[in-house]
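Trainee: Residue numbers (our numbering), protein chains in the order written: chain A, 1 to 363; chain B, 1 to 327.
Hint data in this document are derived by calculation from the structure and do not stem from the laboratory.
Any given hint could turn out to be false.
Said to hold, decoys possible - Covered stretches of chain A, going by a simulated chain B footprint (3 or more residues, C-beta under 8 Å):
#, region
1, 39-49
2, 123-131
3, 194-205
4, 348-362
C-beta atoms are modelled at their ideal positions from N, C-alpha and C, and glycine is treated no differently.
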Amino acid sequence: MGQDIAMETERTAVGTGLTGAHAERLSGLVTASRAQVDRDTGLALYRDMTLGRRFEDKCAEMYYRGKMFGFVHLYNGQEAVSTGVIGAMKRQHDWFCSTYRDHVHALSAGVPAREVMSELFGKETGCSKGRGGSMHLFSKEHHLLGGYAFIGEGIPVALGAAFTSRYKREALGEADSDSVTAAFFGDGTCNIGQFYECLNMAQLWKLPIIFVVENNKWAIGMDHNRATSDPEIWRKAASFGMAGEEVDGMDVLAVRAAAERAVARARAGEGPTLLECLTYRFRGHSLADPDELRAEEEKQFWAQRDPLKALERDLVSAGLVSSEDLRAIEKEIDAEVQDCVDFALSAPEPDSSELTRYIWAED
Amino acid sequence: MAGTLLFNALREAIDEEMALDPHVCVMGEDVGHYGGSYKVTKDLCEKYGELRVLDTPIAENSFTGMAVGAAMTGLRPIVEGMNMGFLLLAFNQISNNMGMLRYTSGGNYTIPTVVRGPGGVGRQLGAEHSQRLEAYFHAVPGIKIVACSTPTNAKGLMKAAIRDNNPVLFFEHVLLYNLTEELPEGDYICALDQADLVKEGTDVTILTYSRMRHHCLKAVEQLEADGISVELIDLISLKPFDMETIARSIRKTHKVIVVEECMKTGGIGAELIALITEQCFDELDARPVRLSSQDIPTPYNGNLENLTIIQPHQIVEAAQTIVREGL
Chain A
1 MGQDIAMETE
11 RTAVGTGLTG
21 AHAERLSGLV
31 TASRAQVDRD
41 TGLALYRDMT
51 LGRRFEDKCA
61 EMYYRGKMFG
71 FVHLYNGQEA
81 VSTGVIGAMK
91 RQHDWFCSTY
101 RDHVHALSAG
111 VPAREVMSEL
121 FGKETGCSKG
131 RGGSMHLFSK
141 EHHLLGGYAF
151 IGEGIPVALG
161 AAFTSRYKRE
171 ALGEADSDSV
181 TAAFFGDGTC
191 NIGQFYECLN
201 MAQLWKLPII
211 FVVENNKWAI
221 GMDHNRATSD
231 PEIWRKAASF
241 GMAGEEVDGM
251 DVLAVRAAAE
261 RAVARARAGE
271 GPTLLECLTY
281 RFRGHSLADP
291 DELRAEEEKQ
301 FWAQRDPLKA
311 LERDLVSAGL
321 VSSEDLRAIE
331 KEIDAEVQDC
341 VDFALSAPEP
351 DSSELTRYIW
361 AED
Chain B
1 MAGTLLFNAL
11 REAIDEEMAL
21 DPHVCVMGED
31 VGHYGGSYKV
41 TKDLCEKYGE
51 LRVLDTPIAE
61 NSFTGMAVGA
71 AMTGLRPIVE
81 GMNMGFLLLA
91 FNQISNNMGM
101 LRYTSGGNYT
111 IPTVVRGPGG
121 VGRQLGAEHS
131 QRLEAYFHAV
141 PGIKIVACST
151 PTNAKGLMKA
161 AIRDNNPVLF
171 FEHVLLYNLT
181 EELPEGDYIC
191 ALDQADLVKE
201 GTDVTILTYS
211 RMRHHCLKAV
221 EQLEADGISV
231 ELIDLISLKP
241 FDMETIARSI
251 RKTHKVIVVE
261 ECMKTGGIGA
271 ELIALITEQC
281 FDELDARPVR
291 LSSQDIPTPY
301 NGNLENLTII
311 QPHQIVEAAQ
321 TIVREGL
């Protein structure tokens, strides 16, 4: 019986629009405000998103050429979220927590592309010394709490970082302790217990954390509308008395504005925010995913909202930059991406005598 | 006789360490206002405040993960499992993140945490509250596992665990909280990785831990009266084992019995005897003996519960057999 109802809901969702409820939500979304940026900030946003996009494209190439292994989850299409949120925060001061789809969060947080690419190649120069791999990028220097491969397990870790921020201010008397933590995760994660447990604790203790949901509609092959009773994730915040907001996750200026509001709340001690970013991944779940379930028309709908092209239109039409400026950035990024591949290719493998190093704190 | 109850010895250890280092904090269910289910954190919330002794909602996997994140960013959390069995609900955080994260991060982060609480078979608490998780967690890399057994070692081990920069799973036993003992004066710690040579002897080595130490002591009294000299070792560290102390004893007695409260299959004794066989094979004059709990959920009925775990008379019989008959 229950299954029949769920299936009926799905048919209705698909039947009422060309590409399903997710696209309809985006189309109907009224953006509260968009960030005002100057030329330098606009270029920085474009640079960060371009680095994310081209780094991932290079990963696909290297994977298919047999240079990297395992499960590799690319971020193409979602760049406005990483750039919009992390760009509104303070690098090496605020904390960032990611999932298995973590390359671009690491790059936005400031982990050098050389360190990320060589980690994917399993090299000693990787940010996790070749021990972590694609799904386990870490950098204490850049306040990247890590990539967590199991659904939902990174959220409490992020909550712990937010707890430390408050603890330092109130229990240790460090008046300037105002770091905010951003926890990134997807729509599929919003059906697991740890998500709800942590929303509760974060609001209960007014912790400085932003729960950033990258709702890309698909949990591998599970359509969001088939997995959850109320697809509007941001509304779950209200059950906890928490601020919640939905935002066009293909629009970096809208994401940035929403993130600025959430950061301001958190720094002021007003507690957490649940920020749902409506977005889409342009590739399959991972490079091993045959991607057979997503309709071509759905992909087209979202491809037309490519966040890089959208930002270009915004910046050029506002007269802040020229197309040539952006082509020049792309050229620089291509060189940077090539450089990180060359670096990773020639980097040393971990020393086999250090196989058991890093188990204990002392070594 | 003046003395300190075991739960108060643990409380003293936590109190002293919290006074020494403001980064040390406690989190878990009912650790604050209530003072802990076995009163190990009694009054600490009043003394140190609600942030340092944090009452959490009932959400084991999440508050354990929160401790991991807090530890990664500079704090030294002590997590209380109200009953150690509940930590099955936190298995993912303890395994994936406490245990493995330092390694997978290539040394980026340390996770100085203590996870402590009451375990073991109590008095008719039913199967879910009578767990011995030490065996379940034994294969997780990157965590130390200790079991206290007296007020003196409870305090010294707890202080060492809090000061250690690695995750430590700290097992207490529900039936030992009311043991009383005079504690050593002043600030002392017990090494996390050293077994306790409880009693020297020459005929047979008995290796045990936690509450079974006291069952073994009862058995030893009878065995000594019977003319059998037992060397009794409390393992203390369940991971890693103090193989130096263990091997030294086996080189002396050439016979070994492991007495444990965990289940036989995949238990602490299984790993221990495998190691003894690998490292001390030529020293053994008899087959190693394992005395373990039955491989069953702990039954509620008192008689059946007693039959599930090892009793002192079984230790006596096993020792007599191995010494007299060499079997």
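Trainee: Does each hint hold? Answer for all of them.
Mentor: Hint check:
no., hint, result
1, 39-49, "violated (count 0)"
2, 123-131, "holds (count 6)"
3, 194-205, "holds (count 6)"
4, 348-362, "holds (count 6)"
Of the hints listed earlier, the one the structure fails to meet is number 1.
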